[in-house]
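Novice: Single-letter residue listing:
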Amino acid sequence: MRYPATTEYMLDMLHDLQDAEPKNYLKREALQAVAEYVSVPLSEVVSTATFYTMYSLKPRGHHIIRLCESPPCQLVGAESMLDILSTHLGVKVGETTADGAFTVETASCLGVCGVAPAMMIDTELYGNLTKERIVSAIESVRRSDV
Amino acid sequence: MSNNKPLIVLANSGLIDPNSLEQAIGVGAYSAMAKIVEEAIAPSDVIGIVKASGLRGRGGAGFPTGLKWSFTAKDEQVYIICNADEGEPGTFKDRLILEGDPHRLIEGMMIAGYAVNATKGYVYVRGEYTLSIERMQTAINAAREVGLLGENIFESDFSFDIEIKKGAGAYVCGEETSLIESIEGKRGYPRLKPPYPGAVGLWSKPTVVNNVETLANVPPIIVNGPEWFRSYGTEKCPGTKVFTILGHVEKPGLVEAEMGTSLQTIIDVHGGGVKDGKAFKGALVGGSAGAFVCPDCLDKPMDFDGLQELSAVLGSGAVLVFNEDASIVEMLDGILAFFKHESCGQCAPCRGGTQALKTIMERIRDGHGVAGDLDKMVEVATSMQATSLCPLGQSVILPITSALQHFRPEFEALIS
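As you go down the protein sequences, you meet chains Z and X in turn.
Read in order, the letters of the first sequence correspond to residues 259 to 404 in our numbering.
Read in order, the letters of the second sequence correspond to residues 35 to 450 in our numbering.
Derived from the structure by calculation, the hints contain no laboratory data.
We treat Cβ as the ideally placed atom computed from N, Cα and C, and that holds for glycine.
Certain hints may be false.
Covered stretches of chain X (in silico footprint by chain Z; criterion: 3 or more residues with CB under 8 Å from a CB of chain Z, positions within the stretch not fixed) [stated by the list, open to error]:
#1 162-174
#2 284-297
#3 359-365
Put together the whole structure using the sequences plus the hints.
Specialist: Below, the structure is given as structure tokens:
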């Protein structure tokens, strides 16, 4: 293992295990493995994992879309951007597209307020969103998957 | 800055290749630490210099940095934590420092470590800040390679190393004790204070937690001296502040300006004025845990004390500008949704209070508000201020009372 067997590295382990899973979530076996490795009860690992919004205990899409809904983004139309996203992908916040490609989530602030409204797809940032930019970002991610 | 003084915190950001240690050294990186070693400046004198400079914490609370360092208990193991869990909505100043001038931050942490006799530092960065983490790691590796981090720095007795900790999405972890819990691998629940981290912090050891921008100010203070630093800003708030100016302005972005610069100057000179020539309605200063201000506040100085007089806060330095068309009701509703989502759930006043506030706010927003709703909101927020465990629950009163103070008729119009 990359990390020493202490709780100090639990968040790092959870990040890595989730990133390694194509469905972007923490399987029960992964949580169990962490619990055994750092010698704490499974409940403690689940407790930590469920506290943080970046972790999911349920399967998600191959790509995670995080739309920023902070006040600066809200002021310049984040809500209508969410409508555009939902309509284009046919899912609501928290849901995954039928083909398993995308999960739509919202974020409290992505820290790129200078280019509001903004979203992230995985680790990539997209700012100054418009309907055209959202659609083209999603389609280019789709194309790169083929 | 407007009066042609050189910048302090962002002096090198955008000018140097952040991945190049050579370029950083070329513009003076690590010369402050070298000076400390060469001139054999004692740790207590380093604290003295920082105290004399009047530097105050840039994370939002404005606590004097030198004083914080001097309160740190003596122990075999002391920790420095750089709080880079920048989550206050509308704030991205720390990201620009992390990504633009990471060696400045390493040096700031190193000097803080030297001052309080810490050998280990942690940078706790938001999980979403992928590029910041990459740049910071590259800088740490480069500094280690040439011995600027590690054993016997500049052949002195001082040893110091830094490790990055990646967050996982929790606003409350910006609070220093939650952040400490998170580094320990636990839920980010804030601790009861006192004891303060300076006495009992990470793994129960004395710990200094400083914001990115605060630490970025330290190297130039050591190099140029406290008087130089005091030539910027105001007497009680010396130095500069990195403001993020957003919303209905022509040029949204970030700017480093002197402490005490007026809101008008920040909007007009640095933000290019209100967008499309519309009228200025107000601003939200300090992020979601900040306060709304009205046009009467335009000439007031933007610093920790000037804003306190207006019952507002400087906070992280976020300025969200509204033109005449903006709905303060919608904005406050968004803010209360944020608090409801980010309340960590540990203490009852905040857990229940944020829910109740959002429920009341939502019915007002939808035009179903009833008489007494506004007073009820203030009552709930007041009791949260008095009884919540951490600043998250304690600060929700600020946006509520300030919105009602300046824009009450807008809310009343929606209440039958």
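Novice: State for each hint whether it applies.
Specialist: Results of checking the hints against the structure:
1. 162-174: holds (count 3)
2. 284-297: Answer holds; 3 residues pass the 8 Å Cβ test.
3. 359-365: Contact hint for the region 359-365 of chain X vs chain Z: holds, 3 residues under 8 Å.
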